[in-house]
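Trainee: For reference, the chains in residue letters:
2 protein chains.
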Amino acid sequence: MAQKPSIPKGTRDFGAVEMARRNYIFDTIRQVYSLYGFRQIETPAMENLSTLMGKYGEEGDKLLFKILNSGDFNREVSAAEYTEKNAAQLAARFCEKGLRYDLTVPFARYVVQHREELQMPFKRYQIQPVWRADRPQKGRYREFYQCDADVVGSDSLLNEVELMQIVDEVFTRFGIRVCIKINNRKILTGIAEMIGEADKIVDITVAIDKLDKIGLEKVNEELRAVGLSDEAVQKLQPIIALSGSNSEKLETMRQALADSPTGLKGVDEVAFVLQTLQHSNLHNEVELDLTLARGLNYYTGCIFEVKALDVQIGSITGGGRYDNLTGIFGMPGLSGVGISFGADRIYDVLNQLNLYPAATESGVQLLFINFGGAEAAHCLQLAATARQAGIATEVYPDAVKMKKQMAYANAHHVPYVALVGESEMAEGRVALKDMNSGEQCSLTIDEVIARLAAR
Amino acid sequence: MAQKPSIPKGTRDFGAVEMARRNYIFDTIRQVYSLYGFRQIETPAMENLSTLMGKYGEEGDKLLFKILNSGDFNREVSAAEYTEKNAAQLAARFCEKGLRYDLTVPFARYVVQHREELQMPFKRYQIQPVWRADRPQKGRYREFYQCDADVVGSDSLLNEVELMQIVDEVFTRFGIRVCIKINNRKILTGIAEMIGEADKIVDITVAIDKLDKIGLEKVNEELRAVGLSDEAVQKLQPIIALSGSNSEKLETMRQALADSPTGLKGVDEVAFVLQTLQHSNLHNEVELDLTLARGLNYYTGCIFEVKALDVQIGSITGGGRYDNLTGIFGMPGLSGVGISFGADRIYDVLNQLNLYPAATESGVQLLFINFGGAEAAHCLQLAATARQAGIATEVYPDAVKMKKQMAYANAHHVPYVALVGESEMAEGRVALKDMNSGEQCSLTIDEVIARLAAR
Numbered sequence: 437m438a439q440k441p442s443i444p445k446g447t448r449d450f451g452a453v454e455m456a457r458r459n460y461i462f463d464t465i466r467q468v469y470s471l472y473g474f475r476q477i478e479t480p481a482m483e484n485l486s487t488l489m490g491k492y493g494e495e496g497d498k499l500l501f502k503i504l505n506s507g508d509f510n511r512e513v514s515a516a517e518y519t520e521k522n523a524a525q526l527a528a529r530f531c532e533k534g535l536r537y538d539l540t541v542p543f544a545r546y547v548v549q550h551r552e553e554l555q556m557p558f559k560r561y562q563i564q565p566v567w568r569a570d571r572p573q574k575g576r577y578r579e580f581y582q583c584d585a586d587v588v589g590s591d592s593l594l595n596e597v598e599l600m601q602i603v604d605e606v607f608t609r610f611g612i613r614v615c616i617k618i619n620n621r622k623i624l625t626g627i628a629e630m631i632g633e634a635d636k637i638v639d640i641t642v643a644i645d646k647l648d649k650i651g652l653e654k655v656n657e658e659l660r661a662v663g664l665s666d667e668a669v670q671k672l673q674p675i676i677a678l679s680g681s682n683s684e685k686l687e688t689m690r691q692a693l694a695d696s697p698t699g700l701k702g703v704d705e706v707a708f709v710l711q712t713l714q715h716s717n718l719h720n721e722v723e724l725d726l727t728l729a730r731g732l733n734y735y736t737g738c739i740f741e742v743k744a745l746d747v748q749i750g751s752i753t754g755g756g757r758y759d760n761l762t763g764i765f766g767m768p769g770l771s772g773v774g775i776s777f778g779a780d781r782i783y784d785v786l787n788q789l790n791l792y793p794a795a796t797e798s799g800v801q802l803l804f805i806n807f808g809g810a811e812a813a814h815c816l817q818l819a820a821t822a823r824q825a826g827i828a829t830e831v832y833p834d835a836v837k838m839k840k841q842m843a844y845a846n847a848h849h850v851p852y853v854a855l856v857g858e859s860e861m862a863e864g865r866v867a868l869k870d871m872n873s874g875e876q877c878s879l880t881i882d883e884v885i886a887r888l889a890a891r
Numbered sequence: 437m438a439q440k441p442s443i444p445k446g447t448r449d450f451g452a453v454e455m456a457r458r459n460y461i462f463d464t465i466r467q468v469y470s471l472y473g474f475r476q477i478e479t480p481a482m483e484n485l486s487t488l489m490g491k492y493g494e495e496g497d498k499l500l501f502k503i504l505n506s507g508d509f510n511r512e513v514s515a516a517e518y519t520e521k522n523a524a525q526l527a528a529r530f531c532e533k534g535l536r537y538d539l540t541v542p543f544a545r546y547v548v549q550h551r552e553e554l555q556m557p558f559k560r561y562q563i564q565p566v567w568r569a570d571r572p573q574k575g576r577y578r579e580f581y582q583c584d585a586d587v588v589g590s591d592s593l594l595n596e597v598e599l600m601q602i603v604d605e606v607f608t609r610f611g612i613r614v615c616i617k618i619n620n621r622k623i624l625t626g627i628a629e630m631i632g633e634a635d636k637i638v639d640i641t642v643a644i645d646k647l648d649k650i651g652l653e654k655v656n657e658e659l660r661a662v663g664l665s666d667e668a669v670q671k672l673q674p675i676i677a678l679s680g681s682n683s684e685k686l687e688t689m690r691q692a693l694a695d696s697p698t699g700l701k702g703v704d705e706v707a708f709v710l711q712t713l714q715h716s717n718l719h720n721e722v723e724l725d726l727t728l729a730r731g732l733n734y735y736t737g738c739i740f741e742v743k744a745l746d747v748q749i750g751s752i753t754g755g756g757r758y759d760n761l762t763g764i765f766g767m768p769g770l771s772g773v774g775i776s777f778g779a780d781r782i783y784d785v786l787n788q789l790n791l792y793p794a795a796t797e798s799g800v801q802l803l804f805i806n807f808g809g810a811e812a813a814h815c816l817q818l819a820a821t822a823r824q825a826g827i828a829t830e831v832y833p834d835a836v837k838m839k840k841q842m843a844y845a846n847a848h849h850v851p852y853v854a855l856v857g858e859s860e861m862a863e864g865r866v867a868l869k870d871m872n873s874g875e876q877c878s879l880t881i882d883e884v885i886a887r888l889a890a891r
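Protein chains in written order, with the working numbering: chain A, 437 to 891; chain B, 437 to 891.
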């Protein structure tokens, strides 16, 4: 016997229950995106490597799955060249295409390629898998879905406001309590300017983030350890100790950044978004968090991140504004802002909190037991009638032992089983068994349909 | 300026309108599959090459997209070996994974890998893209979706009957008139046995298929040209001239194949399926067609194919029974039967016949014009109210010229535009413009919602 087949490490099969749950997640996000006027697009799994390479840093290039050219891929690479070159150089000769690494770069490529057809501002959403040759580990996969929404071609902060509303609406629908954290790249730039250490901003935010855990003294030690002068550390004190309401924090920052026009602009942007959101009756709290510093090289304005309150897990959604996404493809000056829901982590949170609606996994509602011959043919017709009424129905295909057929119904949590033997067939009735209560009663097919439709 | 980016040949981007249409197709198929108790699964885009290689013939192996191993993929291949080996052999050393080529082999792999968890009969459906390094041409892509449903673990011909019902239901929902063709591999085997030319069955069906076009004389000439004896050609005459109703054809075949137990079994199988279907009130005709010979090496029982009646295009759906799909993975004796809808061709047919329901592309229903400042903030709240009522709503993000905002509404076919200036805001009203009639009226937001919900 052959070895049991398997799938590549870091990839997953999804069975019926997992699919039902995943579809619930994707459908919820899709519905909210649509409600806000975002339009769905899809791009190919394979992009030209010229589109992907150099967009995710050196480490990212290594994590791209590259696709071997078809046919004589080796034709133009001599043995001498093969010996001389390293793996990355050879890969570039053997491969022209790669699997997409995220949805953002393909989106930028899409906008530039289709710019003549697109009406700005362009609001798109995209729910597709991406692939990364990361070392697989718990909760990190080599194939996973991203659920992105972006607006390009509009500088308005109302876009930021709407994306926050979307985040709030999606998690409210899921029943997941979250904290939405907001920051602004310009505030971080202002801080760096203020202390004259622009290149240390990541180290600084990492250190400040530890305040709760290690206390002010240790934070200051760490800041000195990464090379900040005593004067710089001194200037950072009001920022490290930042607390209070969002308005109080903003006021403190406004004073601390009084000399940085960029920093003040960042404060104004966050203030506008928070103020506008005050009238939106959000279900979740939005909190200014200066330690939020995701994707610094990439974002230029507001930055968001969402944390679940009731489960210990990393960020489950994130996003922000970028001012030059399409510049890499020769179309400068197009501002955009976007968010990305982390479907796999949301899946884990919904599982842990057991938040799936009961209807999520309801599959087949009615199974006809197969007694063979004329009875089975008759049941096919009854099943067709039930399906016309929208009731998901099966006829067990084989006339095997009743026990086996009932085991099938149980395994699939089918709530009702129909038994139509010779006598029921003659009388034009169905013996309907409620699999939860065990009760059985004799009904016409129309009565069966009425009962199931009422559920 | 950089060169305009592009996508790999044979791949496609899908914009908002195409996505709406494609989702309509996939959702329709999904709904019908679910109604019949099929359960959705998904498998990874990447499979181990050991799973894929050798399953699609020599030509198929060449059409697999192979994924270069990560890191030092070339480490174990010396320059000498590099020179000695051909492209296929080198590919096998450089690559362990490939993109799935269809949904059938991954499904077989899934069944074998998860057999302990699966309840037989196992009815699954799967709607995912597949990739083939085919030469791209009109209507043939390197990435395309397949929409498969299969039942494994049941020999019952009721499965064939249900799949025909599904085909009929799906195309009825689409409004596409079709002819469902049915044949049986065992009938073809019987014919080959009868004339003692088992290896020529494909040539024979190809020749017979030309009867309408070239006439009986030329068909017989062609049969002799592929090497059939005069006696064999003579024996084939009743089969070539086969006509009349399905029952008449079956009767003729029963006589012609009287000496072939296998052939007669095939006739019985088709007769059972057709007879059982007679009580199903199908909307489309099912026709026995002996020239139907798709995937001969693969199918072992009934074979189906669907042709659109009102558009000249190849088969838009196909399928059949196979008796040993999982045997290739060491799990013999599991019979299965399946169908596959050709989404891309169905898309073309729906386009040509203009059969998309009007609602398919309805996106945003209401756009608030942005007059800036306090008015815009007020509109955000009104928009939130409309969205709570399930109305897809946008607020134009920038306070630009009215003309530009109206152009945006027109480009996206938004049916209603809301204008809320200073006076409307003061009065608590909305000036609602019907973009089709051009009429404008003053309403409260609740009246706006009532009007749009009634649409």
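Just so you know, the hints here were simulated from the structure itself, not pulled from any lab data. Be aware that a few hints might be false.
If chains are identical, the list can't say which one is meant, so a pair holds when it fits in one copy or spans any two.
To be verified - Below, simulated DMTMM-like cross-link-like pairs (lysine to aspartate or glutamate); rule was C-alpha separation at most 20 Å, straight line:
hint: 1; residue 1: LYS839; residue 2: GLU797
hint: 2; residue 1: LYS440; residue 2: GLU687
hint: 3; residue 1: LYS498; residue 2: GLU532
hint: 4; residue 1: LYS440; residue 2: GLU532
hint: 5; residue 1: LYS521; residue 2: ASP508
hint: 6; residue 1: LYS445; residue 2: ASP508
hint: 7; residue 1: LYS685; residue 2: ASP449
hint: 8; residue 1: LYS837; residue 2: ASP639
hint: 9; residue 1: LYS743; residue 2: ASP645
hint: 10; residue 1: LYS440; residue 2: GLU552
hint: 11; residue 1: LYS837; residue 2: GLU721
hint: 12; residue 1: LYS701; residue 2: GLU723
hint: 13; residue 1: LYS839; residue 2: GLU553
hint: 14; residue 1: LYS498; residue 2: ASP870
Trainee: Hints numbered earlier in the text: which of these fail when held up against the supplied structure?
Mentor: When the structure is compared with the hints, numbers 1, 2, 7, 8, 11 and 14 turn out to be violated.
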